[in-house]
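Let's have the full structure, built from the sequences with the hints guiding it.
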Amino acid sequence: GAVVSQHPSWVICKSGTSVKIECRSLDFQATTMFWYRQFPKQSLMLMATSNEGSKATYEQGVEKDKFLINHASLTLSTLTVTSAHPEDSSFYICSAPDFSSRVYEQFFGPGTRLTVL
Amino acid sequence: QKEVEQDPGPLSVPEGAIVSLNCTYSNSAFQYFMWYRQYSRKGPELLMYTYSSGNKEDGRFTAQVDKSSKYISLFIRDSQPSDSATYLCAMSEDDKIIFGKGTRLHILP
Numbered sequence: 027g028a029v030v031s032q033h034p035s036w037v038i039c040k041s042g043t044s045v046k047i048e049c050r051s052l053d054f055q056a057t058t059m060f061w062y063r064q065f066p067k068q069s070l071m072l073m074a075t076s077n078e079g080s081k082a083t084y085e086q087g088v089e090k091d092k093f094l095i096n097h098a099s100l101t102l103s104t105l106t107v108t109s110a111h112p113e114d115s116s117f118y119i120c121s122a123p124d125f126s127s128r129v130y131e132q133f134f135g136p137g138t139r140l141t142v143l
Numbered sequence: 490q491k492e493v494e495q496d497p498g499p500l501s502v503p504e505g506a507i508v509s510l511n512c513t514y515s516n517s518a519f520q521y522f523m524w525y526r527q528y529s530r531k532g533p534e535l536l537m538y539t540y541s542s543g544n545k546e547d548g549r550f551t552a553q554v555d556k557s558s559k560y561i562s563l564f565i566r567d568s569q570p571s572d573s574a575t576y577l578c579a580m581s582e583d584d585k586i587i588f589g590k591g592t593r594l595h596i597l598p
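Residue numbers (the numbering used here), protein chains in the order written: chain L, 27 to 143; chain R, 490 to 598.
Certain hints may be false.
[Unchecked claim] Here are the simulated SDA-like pairs of lysine to any residue, each with C-alpha atoms no more than 25 Å apart in a straight line:
{"hint": "1", "chain 1": "R", "residue 1": "531", "chain 2": "L", "residue 2": "36"}
{"hint": "2", "chain 1": "R", "residue 1": "531", "chain 2": "R", "residue 2": "502"}
{"hint": "3", "chain 1": "L", "residue 1": "67", "chain 2": "R", "residue 2": "513"}
[What the hints assert, rightly or not] Label pairs and their computed distance ranges (CB to CB):
{"hint": "4", "chain 1": "L", "residue 1": "46", "chain 2": "R", "residue 2": "503", "range": "38 to 48 Å"}
{"hint": "5", "chain 1": "L", "residue 1": "131", "chain 2": "R", "residue 2": "562", "range": "17 to 27 Å"}
{"hint": "6", "chain 1": "L", "residue 1": "65", "chain 2": "R", "residue 2": "534", "range": "35 to 45 Å"}
{"hint": "7", "chain 1": "R", "residue 1": "541", "chain 2": "L", "residue 2": "90", "range": "36 to 46 Å"}
{"hint": "8", "chain 1": "R", "residue 1": "597", "chain 2": "L", "residue 2": "46", "range": "15 to 25 Å"}
For the record, the hints were derived by calculation from the structure and aren't laboratory data.
Bear in mind that the values here come from a model prediction, so they are computed numbers and not experimental data.
We put the CB at the ideal spot given by N, CA and C, even for glycine.
Quick look at the structure:
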């Protein structure tokens with residue numbers, strides 16, 4: 027199946043700094059990618075939909091100025107957590123549908139664990 | 490009421506037993522029903538999907554959907570220690586997926 031990678035796999039940063047997380051589709055092009063956040067023992071919550079060539083769409087309650095998304099190419103989307111605070115510590119996961127774009131064929135990245143001190 | 494309800498467990502069963510995992514939902518507009526398996530500190534991987542009421546079988550796994558009751562199930566036969574993971578049900582309308590909290594499953598050798 028298609029492969030989605032994320033970098034870094036984990037990051038620790040100080041409160042107030044910004045952190046960039048990359049999501050790449052390795053063997054297919056993705057005009058759309060999705061960003062999720064998962065707190066311990068909680069479900070994956072969709073944060074935003076990243077669209078190549080246009081602005082991202084954010085879910086209700088997600089601050090677009092805090093979570094900056096850039097879909098730079100057909101294989102790369104980045105999520106930047108600006109001025110990170112301890113409450114932003116979470117597991118961030120991206121996903122991308124393959125060329126058929128059927129929702130159940132989204133491929134998930136391995137996730138990035140963010141810890142903000 | 491949350492859109493998707495799933496008992497977080499943990500659920501511990503002996504090796505070889507049949508496992509039953511369940512979710513309920515409230516949104517009758519959901520079109521696709523999926524089950525994902527997630528190992529610790531990893532992204533979820535799709536196990537099965539279906540879009541109609543009834544059963545769908547794939548090896549040791551059977552997915553069941555009852556749209557009239559808004560209830561879905563995943564059955565695992567001949568469970569193995571390697572099946573130990575968190576299982577997330579998920580449903581979609583259009584291009585968005587709504588996940589359950591996940592059920593942590595432990596298969597005891």
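Now for the hints, and whether the structure bears them out:
With a C-alpha separation of about 11 Å, the suggested pair residue 531(R) and residue 36(L) falls inside the 25 Å cut-off, and the hint holds. For a cut-off of 25 Å, the pair hint linking residue 531(R) to residue 502(R) stands: about 23 Å separates their Cα positions. For the hint pairing residue 67(L) with residue 513(R), the CA-to-CA distance comes to about 18 Å; that is within 25 Å, so the pair holds. Taking 38 to 48 Å as the suggested C-beta distance range, the pair residue 46(L) and residue 503(R) conforms, at roughly 46 Å.
For residue 131(L) and residue 562(R), the hinted distance range of 17 to 27 Å is satisfied, since their beta carbons lie about 22 Å from each other. Between residue 65(L) and residue 534(R) the beta carbons are some 20 Å apart, a value that contradicts the proposed interval 35 to 45 Å. Here the CB-CB span from residue 541(R) to residue 90(L) is close to 37 Å, well matched to the stated 36 to 46 Å. Restraint check, residue 597(R) to residue 46(L): a C-beta distance of roughly 42 Å breaks the suggested window 15 to 25 Å.
Taken one by one, the earlier hints fail for this structure at numbers 6, 8, listed in ascending order.
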